[in-house]
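Protein sequence lines, in the order shown, are assigned to chains A and B. FYI, this note's numbering numbers position 98 of the first sequence as 98, with every residue one higher than the one before it. FYI, this note's numbering numbers position 271 of the second sequence as 271, with every residue one higher than the one before it.
Quick caveat, the hints were computed from the structure, so don't treat them as lab data. Think of the CB as a built atom: it goes at the ideal place given N, C-alpha and C, for glycine as much as any other residue. There is no bait here: all hints are sound.
Label pairs and their computed distance ranges (CB to CB):
1) B:SER129 x A:GLU73: 40 to 48 Å
2) B:TRP124 x A:GLY330: 49 to 57 Å
3) B:ILE72 x A:THR373: 28 to 36 Å
4) B:VAL36 x A:GLY149: 30 to 38 Å
5) B:ILE72 x A:GLU73: 33 to 41 Å
6) B:VAL73 x A:PRO302: 41 to 49 Å
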Amino acid sequence: MTQRRGRLTTIAALGIAAALALSACSGTPSTEDDGDELTSVKLQLQWLPQAQFAGYFAAQDQGFFEEEGLTVEIIPSGGDIVPQDALSNGDVDYAIAWVPKVLGSIEAGANVTDIAQIFQRSGTLQVSWADSGIDSVADFEGRKIGSWGFGNEWEIFAAMAAEGLDSSTVEIITQDFNMNAFLQGDIDAAQAMTYNEYAQLLEAINPDTGELYTAADFNVISYEDTVGAMLQDAIWADTERLNSDAAYQETTVKFLKAVIKGWIFAAENPQAAADITVAAGSGWGPSHELWMTNETNKLIWPAPQGIGFIDKAAWDKTVAGALSAVNESGARLITTQPPASAYTNDYIQKALDELGAEGVDVTGANFRPISVTLLEGGN
Amino acid sequence: MTDIGEPQPRKKPQRGSSRVRMGVYGVAGILLLVAVWELYKWLGPTGGVVLWGTRVLPRTSDLAMPHVWDMIVRMAEPVTRAASANPLWLQVALAALVTLGIAAVGWLVGIVVGIGLALVMQRWRLAESAVLPWVILSQTIPLIAFAPVVRSWGSRIEIGAFAWQDWMSVALIASYLAFFPVAVGALRGLQSPDTIHTELMHSYAASWWTTMRKLRFPAAVPYLLPALRLAAANAVIGAVVAEVSTGLQGGIGRLIIQYAGQASGDPAKAWGPMFGAIALGLVAAGSVALLGVILSKYRRAEATT
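Pulled out of the complex, with its shape left as it was, chain B reads as follows (with noise of 0.2 Å):
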């Protein structure tokens, strides 16, 4: 392809290069992480830098430290020597799926929920005085104090058939966390188009359903997708915490602390499930990038909320 003619406004990178660099870029990333790693524990101070009796660098011990190669070796042996044992990189990416799966439950049901606040929010004055401050103090209760209330009433709802399981409770409370970037950001967002389009909407005799679907929408986008990542980047945490918190099985949660248990004896094996964390938590944001990608025609710029 060759560009003949008027000299483009931007010039357009090219795609297959710029590519590649960011791969390279993000290789080189990893690779000085795992070069300071090595490098402190080769050269930092045995009992880590203490500052005014707090640890501010942790210790170069391969208890606490485990070398990076210990942890790679480690992720392809088996996670126990029983015979029916997983290779602990399969386990925990098994365990990182199912996480994955109740946060991604938990992000949609946030979704949901957040843009359906938003949009009463915006319709009625009342409501958004009424209800934005109740959606900010949802947020100040702790984890640890709002999980076992979650599974107490879980535990009770039986309607017919359907009766309550106990990952829904890690996904309620991920979305829980899920929908207040949502709210906050979708209510911004429908809020955002100048009083002169909302007028011209007027002058049609546009519909509310119209206005929104034509103006409030399209303008929301850019405010929603950074909103959307955060409740994605809110609901993995969520989930994982909440594992913990109610004890869940078969989640990278509960591995976490499963396996910290066995720290002792096997510092390399704890930092398994914690790598399978982060693969999730990049996995959850390339997801929304992706949806980012399919709505572009809408990103204008986007918003810093």
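Just chain A, same shape as in the assembly (with noise of 0.2 Å):
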């Protein structure tokens, strides 16, 4: 699940609560040193704190922030904290973000670098029932496709560009926070993130037998496997200061080795990864959280070119998507090919050599993902 708020309706605000001025603003965020010489550095994550971002809340519970001389504030995001507005607007060191989404910031003025792909591949799914005939984009036309909107729709309309359809002929329902109106046949084919909605479908009791749903009563279709797969979980950072910001190029490298060891951690130790994040405070029940873990790791292990190297020929693909992607209402995500300095390999790159020095093994080569039991509720 994911942030699901506008934009416009932000930056409209901001120009009438000037009026209102509260003043008291004052200080430059962040990386000044604290007494005990730990860097302060704040991370905006898109959504409540959970499995999704098991790598860094690991990070901080097992002192790797620290251990790179780092102090760092993992900062949930409600409905309405689109994190790279937090980002940019300075509220935040880094933040993480989808990359459509923030392909649509960048073109809207923001000025922001996708500085380590995290997530190598995309984690959508779009499920219908077994027997609606929904098997692939190419069934899309004419039926009623869920989606949270927010940004979190472009796949969609993406991967249905790619086969040529008409993304006006899809009446596109909303979602909301759990997948009732999928399994009381609102939507045909509802989103999904494989770490998440399609386990909830998991642990739900089909009133038809009493025993929970299994796999074989949806069809999956997963975007990965399409044209319109997108890049998600990026870690992205001021490009301003990363242009002329020593200091801040110095601790966006340490940010990273540090991520990538509680990354590894979490691969390496699901069930503590997962124990982590319900002690930060993620409500999930304890076998939807494992659930989570494992899934998100599928999605960054292995990763032959390094955890949060980003692929060229991925970011292609996902500007390419961006740019050919027409909502049902005909709008576009992005119009023109993004800056240069969206993104770069500079800091990811510098962060797995040292660690490669050291002897860390940044691939996940030997990453297994295991196996997991949802139980009813997730519980």
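Two chains, two separate frames, one set of hints: put the complex together.
Shown next, in the form of structure tokens:
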């Protein structure tokens, strides 16, 4: 589940709110040295604490940030906090966000850079009933397609555009926080993340059998297998500061090193990582949290070029999808190529090299996902 | 106690029995609601009632409308099977207390700001013409636009040892919704004394403050109490919505979205925080009613604003 709110309203409100002038704003955020010489860093997540962000919480819990001389505040997002906006406003130092959403923000003027592509694969699914006759994107036309909106819908339209389908024929139904609309038949094919909503289906009771639903009850279309696949959770930094602030550059490498160690910890200790996110405030049940950790790991590992490395082909595919996608009302996400500053491998490469020199396996060559049994209600 | 002599102008209700009766009515009201819920769930159409493409009554499935007893049983069970998990009711109660505290801060700030504005507007006609439109305009800004701005500005405030906390953003948003009825209600109340009374104070050469204390404040009480009640309700709603909006941890708003995400596999759980929110509203309204008792001397008639 991800951030779901519009940006335009925020921008409009900034103008109005300025007139209300709260004043007393002062100070430059962060990267100031504390007394104990730890550099403080603020990281904005794109949703509530949950195993989707296990690596960051693990890095904090295991003291990896401190080893790098950082003290990191991980800031959850609510419904209305847009990570890339918080970053370009200078409220935080780094932000986690999906690439297509930020491409839209960059075209609207945000000056941010993808410094690490943590999720190498798309985790988005479109799920339909096994007997619905919808088992590929080609079957979407004329159907009720579920999406969370707020920038989470572009893979649907990119995949449809690639198949030459007319997106104006689909009825987009905005999904809630859960899968009830799909289970009750309001949606023909619902959007679901492998690590979250799909699990919600598998931990719900089938009223016909009294047992949990099983994978056999559903058709699952994975966007990763389509042309519409787009890059998701990435770490974004302030472009301006990357260019001009030597301390920020240095902090960026240290931060990435700690994050990598956190995700390696999550890959090797999924149960411990799940326990850490629960302790950090995730409200999911234990089996759901472990499922989420495991599925998140699968989106990251193995990472042949090293975790976080931005693969040019995948980036270009995302940009091409974003350029081609037209939503059901005819609107586009972006109209021009993003600037070259939209991503850089400089910092992640340095972090990977330094860790590689220490003998850390940053590719997850030995990664094996575990098998997780979901219980009713994710419990 | 016996009443001998002159008949009372108004028969005083017998305190004890009326309270019992009110309690009975209250319980009966809840039972009626439960009966309607279960009856509809039992007899209503499975797909709900749809009129002109809009569902006006919900589906009757366990997913959409869990049985009342399922919800009650769920409240007694632990939140998750994790060893450290509290029972759901306790988790909800703790979260409701957090939200109540934040809403109370927002309410108090809203009262101070609201009465302050009312005083300024009452004192100077010009201020009233200048400020009142802004006060009204302020309520037209949607929360989803306002919340990120408050949090963004708040995160930059650091004065000495004082650093802005996330809950303060939520309290500020709550106060933003709460000050409005207070400002408008207090202004009307302060302006409510008849000319004859203000002229009397004038002829006593009473100062502005004395007039305020002896005449305007007491006169404003009947206007202020409903305004305070509205403000309390607004503060609670503002706090819950702002928690959702900014993702603040610990309060009832956060629980509502967290458990809503689990409603497919655990439908009864999602209702827990809703009951918490209802209890929260009742406590807030009850607290203001208590304030009304304290100020009962001035409550000749409750004004309808």
